[in-house]
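**Student:** Listed here are the chains, written in short residue letters.
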Amino acid sequence: MTSESVDDYFSISDILTTQERLPCKVELPIYRLGYLDSSSTSDDLQPGTKLDLSFWMARALCSRKRHIVSVEMPRPYREGYREILTADANVVDLHKLGPYYYSYGSQLLKFELPETADVAKSLIKCFQTRIRKIMDSSQNAYNEDTTKLTAKLDETEKCLFKAGQMGLNDFQRWETRQTEKLTTSEMVRSHRKRKRALMDDS
Amino acid sequence: MDPAEVEFLAEKEEISVVPNFTQDKIYLIGGDVGPFNAGLPVKVPLWMAINLKQGQKCRIIPPDWMDTERLQDKKQEETDSKFFTEMPSPHFMEITQLLLKCATDDIPHADEIRTLVKDIWDLRIAKLRSSIDTFLKSDATHAKLNYLTLMELNTARPFLTKALDQMHLLRSNLSGRIQSTQE
Numbered sequence: 001m002t003s004e005s006v007d008d009y010f011s012i013s014d015i016l017t018t019q020e021r022l023p024c025k026v027e028l029p030i031y032r033l034g035y036l037d038s039s040s041t042s043d044d045l046q047p048g049t050k051l052d053l054s055f056w057m058a059r060a061l062c063s064r065k066r067h068i069v070s071v072e073m074p075r076p077y078r079e080g081y082r083e084i085l086t087a088d089a090n091v092v093d094l095h096k097l098g099p100y101y102y103s104y105g106s107q108l109l110k111f112e113l114p115e116t117a118d119v120a121k122s123l124i125k126c127f128q129t130r131i132r133k134i135m136d137s138s139q140n141a142y143n144e145d146t147t148k149l150t151a152k153l154d155e156t157e158k159c160l161f162k163a164g165q166m167g168l169n170d171f172q173r174w175e176t177r178q179t180e181k182l183t184t185s186e187m188v189r190s191h192r193k194r195k196r197a198l199m200d201d202s
Numbered sequence: 001m002d003p004a005e006v007e008f009l010a011e012k013e014e015i016s017v018v019p020n021f022t023q024d025k026i027y028l029i030g031g032d033v034g035p036f037n038a039g040l041p042v043k044v045p046l047w048m049a050i051n052l053k054q055g056q057k058c059r060i061i062p063p064d065w066m067d068t069e070r071l072q073d074k075k076q077e078e079t080d081s082k083f084f085t086e087m088p089s090p091h092f093m094e095i096t097q098l099l100l101k102c103a104t105d106d107i108p109h110a111d112e113i114r115t116l117v118k119d120i121w122d123l124r125i126a127k128l129r130s131s132i133d134t135f136l137k138s139d140a141t142h143a144k145l146n147y148l149t150l151m152e153l154n155t156a157r158p159f160l161t162k163a164l165d166q167m168h169l170l171r172s173n174l175s176g177r178i179q180s181t182q183e
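The listed protein sequences derive, respectively, from chains A and B. In terms of UniProt numbering, the numbers along the first sequence are unbroken and rise by one, the last being 202. In terms of UniProt numbering, the numbers along the second sequence are unbroken and rise by one, the last being 183.
Keep in mind that the hints were calculated from the coordinates and are not lab data. Fair warning: this is a prediction, and the values are worked out from it, not measured in the lab. Errors might be hidden in some of the hints.
List of simulated lysine to aspartate or glutamate pairs, EDC-like, C-alpha gap at most 16 Å [to be verified]: (1) B:LYS127 - A:ASP136; (2) A:LYS162 - B:ASP73; (3) A:LYS162 - A:ASP145; (4) B:LYS137 - A:ASP88.
A few chain B positions that, by computed beta-carbon distances, are all more than 10 Å from chain A [as the list claims (entries may be wrong)]: (5) PRO3; (6) ALA4; (7) GLU11; (8) VAL33; (9) ASN37; (10) LYS137; (11) TYR147; (12) MET151; (13) PRO158.
Note that the Cβ used here is the ideal one computed from N, Cα and C, for glycine as well.
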């Protein structure tokens, strides 16, 4: 997985980001889609109904030209959570707030809600605060179980952690002179096994 | 870049050896080497020195910075300075590593040298990390670091470039917001 949220049509992380749910309010009656709101019995979605839509859906229904639904900031990006992040971003479990916290946050800015500028600022501040910890932990954990270290990171940060680990591991492998040993390629090794399995079958 | 590639570049550095054989000049693509006279010091590329040493055809004269006192001073200087100090060789880490692997008997106090070089390396890496941190936290667009060696850059590169990439994305949210919503 390379860098995230580069609006690539086929990017898996981008797809996963944009399917995140978003609280919306219906502004115009939507006919024959009443079943989307399980609490109502009518055939149509009435204006004023609140429901959760996927980001990509909300994006199509709420723009300057079309205003079929109105969008609210999801809770992890609202004032309360932003204050927690300002207090100490290092201890927050970002993965719990949203596995794609940064890229989803960036996407949300497109709705031009009144809080947009604050959210954008809080995202970058949060990233700047957390980067030191990620850098230090990724560059010092050699031959260790890293699940505990990465548990609280969002996907973008995990990607960074992996990059840091790569730098460390490559260097350590060089320092312990493992790079100069020739090893069988993983593919070749498993290939032989598969062949033997085939022979056993026949 | 792979550390092995950095090592390959370091192997082009020249080093003095005392050969125990006599041979005319060798003409190589990378330059001429020799002539070799038994017992007379001659400058050869590091890779050749290692090769000759492994065939027990020469004695390696360690570079003059590879000395406990010099390194001790260097370490002190590195500790005292807030910035990076100039290293005796741009490939000090690789050269130490290679020489200590194959020519321990030619280097006096090899173990001490290994520890000292490692100490200097650790000091510098810690410094590099904290300067990366300050750089990322400030809103600066560029930073200047003198006397960093290739190997040091190489360990920080994957992380740093990715982090800056992400920073750029988040920062363009701040400024590029108006543009992107005009579709």
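**Student:** B:MET151: least C-beta distance to chain A exceeds 10 Å?
**Tutor:** Incorrect as stated: the minimum Cβ-Cβ distance to chain A is 8 Å, not above 10 Å.
**Student:** Does B:TYR147 really sit off the interface, with its C-beta more than 10 Å from all C-beta atoms of chain A?
**Tutor:** The claim stands: B:TYR147 keeps its Cβ more than 10 Å from every Cβ of chain A (closest is about 19 Å).
**Student:** Between A:LYS162 and B:ASP73, is the straight-line Cα distance small enough, at 16 Å or below?
**Tutor:** With a Cα-Cα distance of about 36 Å, the restraint between A:LYS162 and B:ASP73 is violated, given a limit of 16 Å.
**Student:** With 10 Å as the threshold, tell me whether B:PRO158 passes as away from chain A on beta-carbon distances.
**Tutor:** 4 Å, violated
**Student:** Does the structure keep A:LYS162 and A:ASP145 at a Cα separation of 16 Å or less?
**Tutor:** 13 Å, holds
**Student:** Beyond 10 Å from every Cβ of chain A: is that where the Cβ of B:LYS137 lies?
**Tutor:** Violated, since 5 Å does not exceed 10 Å.
**Student:** Quick one: work out the minimum CB distance from B:ALA4 to chain A and report holds if it exceeds 10 Å, violated otherwise.
**Tutor:** Incorrect as stated: the minimum Cβ-Cβ distance to chain A is 5 Å, not above 10 Å.
**Student:** Taking 16 Å as the top limit, are the C-alpha atoms of B:LYS137 and A:ASP88 close enough?
**Tutor:** 15 Å, holds
**Student:** With the threshold set at 16 Å, check whether the alpha-carbon distance from B:LYS127 to A:ASP136 stays at or below it.
**Tutor:** 12 Å, holds
**Student:** Confirm or reject: B:PRO3 is not an interface residue toward chain A, with every Cβ-Cβ distance exceeding 10 Å.
**Tutor:** About 3 Å separates B:PRO3 from the closest Cβ of chain A, which leaves it inside 10 Å; violated.
**Student:** Non-interface claim for B:GLU11: all C-beta distances to chain A beyond 10 Å?
**Tutor:** 12 Å, holds
**Student:** Taking 10 Å as the cut and beta carbons as the points, is B:ASN37 off the interface with chain A?
**Tutor:** Its Cβ never comes within 10 Å of chain A, the nearest being 32 Å, so this holds.
In this structure, the hints that do not hold are numbers 2, 5, 6, 10, 12, 13, in rising order.
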